[in-house]
Amino acid sequence: MKILDRVFENGARSLAKRTSRRSLLASLGQVLTGVALMPLLPIDRTARAQEPARPSADEQSCQYWKYCAIDGFLCACCGGTSTSCPPGTQSSPITWIGTCHNPGDGRDYIISYNDCCGKVSCGDCFCDRNEGEKPMYRLSRNNDVNWCMANSESNYHCSVSVILGVAQE
Amino acid sequence: MKTNWRGVILLTLAAGASPAWAATPPPLPAEHLTIATVGPKSPHWIYVVDYAYDNEIDSRVWLFDGDTHRRIGQIDTGFIPGINISPDGRTTAVATTYFARGGHGTRTDVVEFNDNNTLSKTGEVVIPPKHAQTLAMLFTIGYSADGKFVYVPYLTPAASFGVLDPAKKKVLGEIDTAGCTLVFPWGPNQVSSICESGRLLTVTLDAQGHEASRTTSAAFFSPDEDPVFAQAVPLKDGYAYLSFLGQVHEVDFTQPKPVPRAPWSLVSGAEKGVWRPGGVQIGAVHRAKNQLFVPMHKGGDGSHKDGGSEIWVFDLKSHQRTARWPLDIRASGAVVAVQVSQDPTPLLFLATEKSHLLILDAQTGKLQHDEHHLGQTPQLLLNP
Amino acid sequence: MIRAAAVAAALVTCGAQAANPAQDYVLNCMGCHGTAAQGIPGKVPPLANALSRFMRTPEGRNYVLRVPGAANSALSDDQLAAVLNWLAVTYESGAPAIQPAPFTSTEVAAVRRQPLLSVLATRSAVVHNLAMTGPTPPPRY
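Going line by line, the protein sequences match chains A, B and C. Heads up, the first sequence is in the working numbering, so the first residue is 1 and it goes up one at a time. Heads up, the second sequence is in the working numbering, so the first residue is 1 and it goes up one at a time. Heads up, the third sequence is in the working numbering, so the first residue is 1 and it goes up one at a time.
These are computed hints drawn from the structure, not numbers from a lab. Worth double-checking, as some hints may not be accurate.
[Claimed, not checked] Derived lysine to aspartate or glutamate pairs resembling EDC-like cross-links, with alpha carbons at most 20 Å apart:
no.	chain 1	residue 1	chain 2	residue 2
1	B	Lys298	A	Glu153
2	B	Lys236	B	Asp252
3	B	Lys236	B	Asp88
4	A	Lys66	B	Glu174
5	B	Lys170	B	Asp206
6	C	Lys43	A	Glu153
7	B	Lys272	A	Glu131
8	C	Lys43	B	Glu174
9	B	Lys168	B	Asp224
When you get a sec, could you build the whole thing from the sequences and use the hints?
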């Protein structure tokens with residue numbers, strides 16, 4: 001399954017640039033059917049509606065639980081990890097915040113999505129998820145803006161997701 | 001080399017050509033290299049903004065002819081640009097960032113002006129290195145209604161906007177917006193920004209482009225219960241802010257200060273929470289026909305950026321849905337941007353997650369053309 | 001690198017309360033003002049060793065409640081008062097010598113709806129006046 005996850009993320013770069021994994025599942029399934037192979041997954045055109053995408057424990061997968069409000073390239077695919085920027089880049093001091101559910105222990109965690117800056121787009125593992133994400137007027141929860149904006153080198157390379165603590169309710 | 005004339009004649013005859021003694025076509029004349037012209041303007045042209053996510057410093061705009069299905073030409077637009085067209089349609093203004101060494105080095109922000117008749121850059125204004133770099137929308141650069149001012153939102157992360165004189169190519173000043181973001185221009189000298197408090201801040205400028213007064217609207221949406229997209233839909237008399245759950249909050253800008261109207265719904269009770277507007281450019285209006293086109297998808301919380309699998313059409317007077325056009329998005333990808341031409345036989349333009357541009361008859365919903373690869377990540381469509 | 005330890009500790013110790021100022025800070029303010037409320041030179045003002053000092057005078061308190069992050073924030077008057085009071089205690093190295101009266105939600109409600117026209121100019125004037133009477137926030141950031 002891990003290989004398939006990677007295929008989705010890598011295959012996505014040539015197929016689609018800004019697509020969540022669910023629509024990729026639908027379209028990839030259709031491609032496989034078209035070449036007379038068994039579809040690996042059921043094809044359901046309404047799958048985007050309610051089917052929860054399968055969570056992943058792989059930090060190079062868009063479905064990794066910490067990435068519930070990430071927008072950009074996963075630094076884990078770019079020479080870094082979900083908690084480290086790739087060599088030669090700088091982390092953004094400003095960031096957006098999400099709250100993600102960890103199915104592993106049933107807790108909600110507050111996550112800081114810093115950007116890593118100073119190099120051109122990583123271009124691998126694009127992932128755009130928006131749980132609890134808000135538009136630009138609610139800046140602390142918005143993942144659209146370039147959070148590298150306040151860095152001396154403000155080009156955007158990739159994004160991390162760092163646990164800050166357990167969310168209290 | 002000794003020419004084998006017998007061989008040549010045999011070959012020539014074998015190829016079915018006329019014998020050597022019959023006339024061969026004269027050689028082609030030398031050609032002259034020219035620069036293509038943009039040609040007479042058509043209402044079916046569409047400016048397609050490609051944010052080029054995998055190569056973000058390399059964004060560009062394609063001018064595409066919706067009837068001939070050909071690219072007319074390209075405007076280069078730098079890194080995460082704001083793009084808009086002057087009210088007279090003659091100029092494309094671009095607020096963007098360039099780094100001194102391509103991907104790094106000293107950051108310079110500029111507003112570049114491009115002549116839409118030649119697709120050439122005709123001038124620029126250097127602005128402070130703080131233009132708001134964000135999702136594709138019509139509100140990261142804007143013109144006053146008479147074309148005399150250009151407004152550029154700044155984000156450092158403090159929010160403000162710059163006021164420019166496009167004719168003199170000068171920065172006139174900067175207006176602090178107290179955390180409210182983007183620019184929604186109206187009339188000759190009024191600019192609104194949208195606030196976390198659920199209100200619009202409106203600043204009125206004097207003739208020099210400095211602040212004369214400001215006012216705040218009543219709160220008309222709740223950022224917690226049902227946020228509105230910041231990407232408003234321009235109307236004849238103001239802007240409509242669509243919410244994540246499908247409410248339409250029209251705001252009347254023709255009054256002395258913007259006044260929100262009572263919201264109406266894109267969705268029925270049964271559809272609410274199930275069918276939602278979504279994407280990047282989430283609505284377009286045909287002004288003369290009073291129609292609103294919205295890409296709709298089935299999804300839950302967190303799906304507000306999902307592209308649409310259907311286009312829903314609404315009458316802006318009656319607030320009724322007049323058409324519902326399911327799309328086959330398996331090959332083309334879901335719809336992230338919608339725009340409609342303003343002529344009596346309009347075209348509906350749809351940009352998709354897989355970089356297609358779909359062209360539909362905006363009266364029947366019939367697919368006329370599927371342009372397979374118009375850019376890397378086309379997400380904003382302009383039809384002046 | 002993010003120094004998240006202090007923030008994480010604050011989140012854990014707060015427990016389940018009606019107002020959770022540490023968490024409200026993290027979710028609504030920390031993204032720009034930083035994990036130690038330190039701001040970013042030239043871009044984002046510090047709250048550490050600053051907020052509590054603004055709170056010493058009526059003019060300073062008025063300023064603090066009308067800055068964009070307060071005036072337009074989605075936090076309720078109660079929540080905003082709690083966050084500001086928590087910040088003033090937690091991120092002031094001169095405490096308890098510097099211990100301003102906490103904000104009440106009444107005071108917050110009365111002031112916050114009038115956002116400042118020119119934040120930097122007002123800040124400059126307020127800091128100038130504060131400097132004459134005691135501990136003051138940094139004049140520039």
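Hint check:
no.: 1; hint: B:Lys298 to A:Glu153; result: violated, 40 Å
no.: 2; hint: B:Lys236 to B:Asp252; result: holds, 9 Å
no.: 3; hint: B:Lys236 to B:Asp88; result: holds, 16 Å
no.: 4; hint: A:Lys66 to B:Glu174; result: violated, 39 Å
no.: 5; hint: B:Lys170 to B:Asp206; result: holds, 16 Å
no.: 6; hint: C:Lys43 to A:Glu153; result: holds, 14 Å
no.: 7; hint: B:Lys272 to A:Glu131; result: holds, 18 Å
no.: 8; hint: C:Lys43 to B:Glu174; result: holds, 16 Å
no.: 9; hint: B:Lys168 to B:Asp224; result: violated, 43 Å
Of the numbered hints stated above, those contradicted by the structure are hints 1, 4, 9, listed in ascending order.
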